[in-house]
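J.: Listed here are the chains, written in short residue letters.
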Amino acid sequence: MVATQLLVGMAEIQVAKEGPLFVCLGLGSCIGLAAYDPVAKVAGMVHVMLPAAFADKPVDKPGKFADTGVPHLLEQMARLGASRSRILVAMAGGAQVFNFGSGSAGKLDIGRRNADAVEAQVQALGLRCLGKDVGGNQGRTMTFDSGSGLIKVRTVTSMERALCNLKGS
Amino acid sequence: MDGNAPEFNAIQISCLSEMANIGVGHAATAIAQMTNKPFQMSVPTVRSVELEAIPLMVGAVEELTVGIYMPVDGDVPGHMAFLFPWRSAQAFWRLLLGQAPDSPEQIGELEASVMLEVGNIMNSSFLNAISEMCGLPIHATPPLLAVEMAAAILQAIVLEATTTDSHALSIETKVSCEEEQAEGYFLFIPTLGGLKRLFSSLGLPEVA
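Going down the list, the protein sequences come from chains A and B.
The opening position of the first sequence corresponds to residue 1 in our numbering, with each subsequent residue numbered one higher.
The opening position of the second sequence corresponds to residue 1 in our numbering, with each subsequent residue numbered one higher.
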């Protein structure tokens, strides 16, 4: 049976009882964070764009920022019965896509800052991270099959490869 | 559609389309002169969209794409990019260098600088045309190049747009050369402040 596909667009948070295939397409400097509670069988994914919410602007979409997106993902999963202490996560993304041209070095290094910010959230919230594929220059498509628990990452030049399995095994 | 997106009236949108049309015409001429090949352009589409939706607007989101991104300074600041599929990029390389890399790993300094120049010329001629029409100084800053999945390139640009003046209006158009099967897409995301200055320079009413 083909699993339902849940496309997680920029700044979006998707949660569901296990089953669907969560997809973050073409993660550049953004981060995709997949989360799963193996007991409650609740899965979710957030597509974070920036490290932290702007101090001077209201947060229109909590999924946009690492410091609001990760807590919101957990909150939405909790509503389906997930418990933070059991949640396992995996993350991918945070690349520097524009790697040619004068001033490209360092200018658009938001990918690394995103990865650091998401990781800080994961640690602060006491989540166990089973797999991480961040940094570099390559954009990534990340999929999370919440039926099997398998997290896969593919880039434009490499074959799809398994990153980890949020159901253990 | 974002409920918070500023609405523009029909006159403003059609005026922008017309300006973009002329801008793209200049860009097509510039690339034709550079390559000695005829280039056609499609009528630009001006859309009020949510920034976050832009990466998924292109058809083949995971397709290998070459993107040249230029932040725009001056009175109408914003973000501008010229994107083309890998095969079209290879056609550009063949036109300009006589040969093309087979894969992204083969892109050296020469290939990269040629591509940056293509983007530079296209984007600058577009901006110069707009600048002359409205009498406002607008200039492009040095280009950056990415060879990536289309969605990843667009995401990186949207991200930059979000950190400045998040605003949701895009101008897209297609530039193509039938003879060489080369085509590319323009994307211009002006900031809200820049758009207001643009409209007022043309004597158009304020955004409602």
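In short, the hints are calculated from the structure, not lab data.
Being a predicted model, the structure only gives us computed values, none of them experimental.
It cannot be assumed that every hint is accurate.
Claimed, not checked - Sample of chain A residues facing chain B (criterion: CB under 7 Å; computed from the structure): (1) Ala11; (2) Ser29; (3) Pro51; (4) Val134; (5) Thr141.
Using N, Cα and C, we set each Cβ at its ideal position, and we do this for glycine too.
J.: Now, for every hint given, state plainly whether the structure supports it.
T.: Status of the hints after comparison with the structure:
no. : hint   : in the structure
1   : Ala11  : 5 Å, holds
2   : Ser29  : 5 Å, holds
3   : Pro51  : 10 Å, violated
4   : Val134 : 14 Å, violated
5   : Thr141 : 6 Å, holds
The structure fails hints 3 and 4 (numbered hints given earlier, in ascending order).
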